[in-house]
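Colleague: Below, each chain spelled out in residue letters.
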Amino acid sequence: DGGITQSPKYLFRKEGQNVTLSCEQNLNHDAMYWYRQDPGQGLRLIYYSQIVNDFQKGDIAEGYSVSREKKESFPLTVTSAQKNPTAFYLCASSPHTTSNQPQHFGDGTRLSIL
Amino acid sequence: AQSVAQPEDQVNVAEGNPLTVKCTYSVSGNPYLFWYVQYPNRGLQFLLKYITGDNLVKGSYGFEAEFNKSQTSFHLKKPSALVSDSALYFCAVRDVSGGYQKVTFGTGTKLQVIP
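Protein chains in written order, with our numbering: chain B, 1 to 114; chain H, 1 to 115.
By construction, these hints were calculated from the structure, which means they are not laboratory data. No residue lacks a Cβ here, since even glycine has one placed at the ideal position from N, Cα and C. A few of these clues could be false.
In the EDC-like style, the derived pairs of lysine to aspartate or glutamate whose C-alpha atoms are separated by at most 16 Å in a straight line are [to be verified]: (1) H:K49 / H:E64; (2) H:K102 / B:D59; (3) H:K77 / H:E64; (4) H:K110 / B:D38; (5) H:K77 / H:D95; (6) B:K83 / B:D30; (7) H:K102 / B:D30.
Which bits of chain H does chain B cover? Going by a derived footprint, with three or more residues having C-beta under 8 Å, they are [said to hold, decoys possible]: (8) 27-38; (9) 65-76; (10) 103-115.
One chain only, chain B, in its complex shape (with noise of 0.2 Å):
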């Protein structure tokens, strides 16, 4: 079956440590995205990227860096720099930005402080 998977599940981050969460698809998808989620303030686009090698900031894309080296692949680091980095994250894809399909959501990696 064609989907999203996101490693590690949980992730426990120590003080001016950088981690990268993992995020898969198989659904040949062009369009790719990154989202925090905190209670109560639903979803916040940090990443997208349109098509391999090029991605672009969201709304909330300082702390963090992506890469887009294969379709299939959109890693997200979370650097020392984001300083309150203890949240849901979730991946998605779609088609391609502009499609009217929905995006296909992972499982999502939660990440904590040490």
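Dock chain H against chain B, hints included.
Modeller: Below, chain H alone, put in the same frame as chain B:
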């Protein structure tokens, strides 16, 4: 700028009763509208969408939604609630006017179906 409002943080309904989860939106052009459901510690699952055409949209698990352009609303409904419908529901909008338009999500409504 586009926006979505889900005015109720939580909706409680008795099992077997009809349910409504409210959503209003604001876009400068025409909207694509979506409803998603999220179970604890899971990603969002797509329920239904409005793109164009019939204002009443039917989706997964017996859910439906009515697009009302004059009231800029897209309320989610189900005739008879199940305990298993208890989850977090998100409304989302995309403005279809040209180029990349991000999807904006509401803050979510927790649905509690009481046995």
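Colleague: Would you mind marking each hint as holding or not holding in the structure?
Modeller: Hint check results:
The straight-line distance between the Cα atoms of K49 of chain H and E64 of chain H is roughly 9 Å, inside the 16 Å bound, and the hint therefore holds. Distance check on the hinted pair: K102 of chain H and D59 of chain B sit about 10 Å apart at the alpha-carbon level, within 16 Å; holds. Restraint check: the Cα-Cα separation between K77 of chain H and E64 of chain H comes to about 5 Å, which is no more than 16 Å; the hinted pair holds. Pair hint K110 of chain H plus D38 of chain B holds up; C-alpha atoms about 14 Å apart against a cutoff of 16 Å.
Of the pairs offered as hints, the one joining K77 of chain H and D95 of chain H is violated, with about 23 Å between alpha carbons and a cut-off of 16 Å exceeded. With a CA separation close to 31 Å, the supplied pair K83 of chain B and D30 of chain B exceeds the 16 Å bound. Of the supplied pair hints, the one linking K102 of chain H and D30 of chain B holds, its CA atoms being roughly 15 Å apart against a limit of 16 Å. For the segment 27-38 of chain H, the proposed coverage by chain B is satisfied: 3 residues have a C-beta within less than 8 Å of a C-beta in that chain, meeting the threshold of three.
Look at the segment 65-76 of chain H against chain B: 0 of its residues bring a Cβ nearer than 8 Å to a Cβ of that chain, fewer than three, so the hint is violated. For the segment 103-115 of chain H, the assignment as covered by chain B holds, since 5 residues bring a beta-carbon within under 8 Å of that chain's beta-carbons and 3 suffice.
The structure shown violates the earlier hints numbered 5, 6 and 9.
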